[in-house]
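From just these sequences and the hints, can you work out the full model?
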Amino acid sequence: MKTPIRDFIREYSQSDCIRAHMPGHKGKGLLGFESQDITEICGADSLYEANGIIAESEKNAGALFGTHTFYSTEGSSLCNRAMLYLCALLSKDKKPRIFASRNAHSSFASAAALLNFEVEWLFPKKGDSYISCNITAESLEERLEFAIHKPVAVFVTSPDYLGNMLDIRALSQVCHRYGVLLIVDNAHGAYLKFLPESRHPIDLGADMCCDSAHKTLPVLTGGAYLHISPSANELLLSHAKAAMALFGSSSPSYLILESLDVNNEYLASGYRERLADFVALVRDLKTKLMEFGYKLLGDEPLKITIDTADFGYNGGEFASILTEKGIIPEYADRNFIVLMLTEQLKNADLSRIEKVLTSIQKREAINIKSPVVTEPKVVMSLGAAAKQPFKLVPTDEAVGKVAAFGVAVCPPAVDIVAGGELISEAVADVLKYYGKDTVAVIE
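Each step along the sequence shown adds one to the number in numbering that gives the first Met the number 0, with nothing skipped, and position 149 is 148.
Hints in this document: simulated from the structure, not taken from any laboratory.
Do not rely on the hints blindly, as some may be mistaken.
Simulated restraints on C-beta separations [as the list claims (entries may be wrong)]:
#1 T357 / T220: 28 to 38 Å
#2 C409 / C16: 33 to 43 Å
#3 C409 / S250: 18 to 28 Å
#4 E442 / G26: 31 to 41 Å
No residue lacks a Cβ here, since even glycine has one placed at the ideal position from N, Cα and C.
See the structure below:
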């Protein structure tokens, strides 16, 4: 597969020209890769008005994914904002309405505030982690059937940070019966397209989704895709670039663009086979860990989520043990630890992970569970709350006040309380449990 961005940058970096343009390092510098870091010079195309090498590369990516695909150098956060803007264009209401799983990334909430969306949250079952939100087709059908005002779209996160995956095919069928778009934050699942049987949201019926290529593919941090279904409304496709430009930087990183471009060649050159082999190895590893006594969560193939409390450890303590032994986890809280794996790791790496995890002695389970996440009272919309003056106060003093904007732990950047919601004692307990000592409240 051709790599037009890489080819252009390589040729330019080897030329003997004087760079009388940005960036200021002029192709020289302290890090060693500055010669490849360029801007929108003649021939380099322009990300948000692509009709040259970037457009060609995006077309290559789209052919691999079977979608209309657009690059982001600002992660899935930019794609989430663009998708909401596109939904707003389709909505006939001045204040568009959207249903969203409560574990939506904070970039969703910020875009909803800026675009003046009315958000109706879909909450997890009582007792679930606030990071997860198991939306079923049955529960969604009920919400849509009895909704006084139908939303323009339903926004869900799958896979979530703990590796739980929703039944996207069933959800899409429900949405389409009611004339509603299904949008999926698939930030953690770019590789799902290349499993022996694709589990990618677009293949399962979603209208739009985002993939953070950098999370599970060999792409530089910030590289992501906005995918639009071939069967989606033409307006979504024709306005996609404008949607990205509305929120994106006018100076996208060409290092990230080159990384996305080269990744096309990587995906087209035996990736499916390598992925299938690696998934089988991870499946075997998970089986061994469960036999050893670990309780694992989620069904995402390349993520290992351990219930450390069940194994007798605080997640932070468990993460420290792994770090001391040279294994750096993706995420840890008081209950869970998450390891994100890709086929860039070798058999020896998996063996090392197994050796370390099976060397840790199981202790009596910790029975203290996280506080129950309740549905906070909504006082005002996200957009209205974002426009109010605010002040930071200790979490205990925030009880009875209204959150100015979402309060999240990052990672996973999922809001525990959203802007415009009343902070009750129950909400404050959850905030303190996850280490949030201060909250921005409306004055």
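Now the hints, each set against the structure:
1. T357 / T220: 28 to 38 Å: holds, 31 Å
2. C409 / C16: 33 to 43 Å: Because 41 Å falls inside the window, the suggested range holds.
3. C409 / S250: 18 to 28 Å: holds, 24 Å
4. E442 / G26: 31 to 41 Å: Given about 50 Å between the Cβ atoms, the range is violated.
Checked against the numbered hints above, the structure breaks only hint 4 and satisfies the rest.
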